[in-house]
Every structure is written in structure tokens, then in C-alpha cells.
Amino acid sequence: MAQYEAGPDIKTLKANYHHPHHKPNKNTVDIINALHEREFPNPFPAALEGMFDLYEDLLRRNCDLSQEENIGRLEFFLRHELRIAGREPVGGARLWWLLGDILFDRCLGARKRNQDQRMLAYRGEAIQAYQSALDILEQAQLANLVIRYKLRQNILACYLNASKRRGVWTKDPETLSYFHESCFLARTKELLAEEPFQWSIARNGLRFASLLENAEEVTYFFACLLKVSVQFADFDYQPYQAPAIGRSKDFAWARENVLTDERVRSLIDECKLKGKSK
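Mapping of the sequence shown onto my numbering: residues 8 to 285, in sequence order.
Hints in this document: simulated from the structure, not taken from any laboratory.
Where a beta carbon is used, it is the ideal one built from N, C-alpha and C, also for glycine.
Check the hints yourself; a few may be wrong.
Claimed, not checked - Pair by pair, the computed Cβ-Cβ distance ranges are:
1) Pro-203 to Leu-183: 41 to 47 angstroms
2) Lys-256 to Gln-148: 37 to 43 angstroms
3) Lys-256 to Gln-146: 36 to 42 angstroms
4) Asn-168 to Pro-48: 38 to 44 angstroms
5) Cys-190 to Asn-168: 17 to 23 angstroms
6) Asn-121 to Leu-89: 29 to 35 angstroms
7) Asp-64 to Gln-146: 31 to 37 angstroms
8) Pro-48 to Lys-256: 24 to 30 angstroms
I would like the entire structure built from these sequences, with the hints used as guidance.
Structure, rendered in C-alpha cells:
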């Protein structure tokens, strides 16, 4: 049996779970990651995971476009490998994923330069790459809910970030079509049912529910946040590496039309009755 260093006590783990604003120390992160890898092993080959790190490094050093040629070489290699990756579906899916990331970032670059045609072309290619990865994993039943959720989130981000109607994506037919056809909120609920501690996922669901002005879904996802910590009842509460709900206009509709003081208190009481509020 694998041996692990002495880990944090249960009080420390509960504190990190119920206080999302806490920044965990490196030892805690390392141990939790090791346990997560043991219980939910990464299905992708380690050799391919390193390529993501390589690309991120090239991207960080590409402010002056000096690394664009190297990124191009990486893309050329990926496309070459994808032509022969059919024999190994897990590796093929991860290659498609990385290619999608490269095309997604190019889509954003084209948008910043007001190159609409290139933006849309890159968007289409990125969506196709991500969808290819998702199809492979689903057909071979090789990935868990979190991995599949991330791919769908990437596809949705392609539509959101490349939309010509920035700020009003809820009126964009293509984006709305994918959002509903992919059952994005239903799949978000599916993931939360399996991993209720994922407050960032619940927060994302709340954000979309607010933007779509869906009161029922707003209530559901806000209750999910309260189950993690009642501190989310304070709209000025800022979790680790995320802005407060009260400081983002994406949540404005939810705050003004659903999450009144009275309704929030009611939801807190419901959580306490179920014994899930700490």
C-alpha cells in the first residue's frame, strides 16, 4: 500500500472546506492532491501532461509574440500525432484537448485585434477539437464527471469569448443553443451531487442562472454554496481567488430579484435543518 506523509488533522481539513477564503498551505495541497490522485487517478499519460506545462510556459513568454514560432511547431507536432493516435484513445483525447487550448487562445488574440473572420475560424476549430476529445472520452467511458465538465466548459467559453455581442451573450442564438443543447446547468448539478464541496462549480452555476434570469436555478445553486459555508450569505464575502458575489454584475439579477435578505435567511434556516450548515 502506498505511504503518505502525516497529513493535516480533521479540523484543518474542515476549516479549508468550510472557509473557502482560506489559502491552504503547500503541505496540505500536496497531501490532498496525492490522495485525490489515488482515489481519482488521472486517466491521461504523464508524458502528455508535460506538454500542457510546456505550452503554458510558451504562452507566458509570448507577450511579444517571440514564441509564436515555437507554438506553431508544437501545433504541427500535435496534428501529426493526431493522425496516428487512433490506436490509443486516451492519448488522442488529450492531444485534441491541447490543440483546442492553442486554438482557443488564438481566437482570443484575434478578437483583441478585431480580426472577426479569424476569430470565428479559430473558434470553430477550437470547438471541434474540444468536442473530439469529449466524444472519444465518452464513447470509451474513460473520464469522470469533472473532466467531461471541464471540456464542456471550454466549449461554452469558445462561444462566450468569441461572441460579437460581448456582454449580451444571452441574446446570441449560437451561444444559447449550445448552452441549452449541452444541458450545461443540469450537468453542473450532476457534478455537484457527486462533489458538493466544489463551491467554484456552484458559483459558476449561480452566475449563469443569474444571467439567464432563472429564479429557480438561482435558488438551487445559492443553496449549494450555503451548504459549503454560510459565509456566502454575505455578498461581500470573497473566497480564495474569486471576486465577491456582490462585486460582480453577473450576479446582479440574482441579488436584486431572488436573493433578498428574507429569502437568504430562509435558505440558511433550511440548510441548518438539514444539518449541513457549519
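Just tell me: holds or violated, for the beta carbon distance of Asn-121 and Leu-89 against 29 to 35 angstroms?
For Leu-89 against Asn-121, whose Cβ atoms are near 31 angstroms apart, the range 29 to 35 angstroms holds.
Please test the hint of 41 to 47 angstroms on the beta carbon pair from Pro-203 and Leu-183.
The hint (41 to 47 angstroms, Cβ to Cβ) is violated, given that Pro-203 and Leu-183 are roughly 28 angstroms apart.
Range hint 38 to 44 angstroms (beta carbons of Asn-168 and Pro-48) holds or violated:
violated, 31 angstroms
Taking 17 to 23 angstroms as the hint, is the beta-carbon distance of Cys-190 and Asn-168 inside that range?
The hinted range 17 to 23 angstroms holds for Cys-190 and Asn-168, with Cβ atoms some 21 angstroms apart.
Measuring from beta carbon to beta carbon, are Lys-256 and Gln-146 in 36 to 42 angstroms?
holds, 40 angstroms
Range hint 37 to 43 angstroms (beta carbons of Lys-256 and Gln-148) holds or violated
holds, 40 angstroms
Supplied distance hint 31 to 37 angstroms, evaluated on CB atoms of Asp-64 and Gln-146:
Given about 32 angstroms between the Cβ atoms, the range holds.
Go ahead and decide if the range 24 to 30 angstroms is satisfied by the Cβ distance of Pro-48 to Lys-256.
violated, 40 angstroms
Hint violations for this structure: numbers 1, 4 and 8, all remaining hints satisfied.
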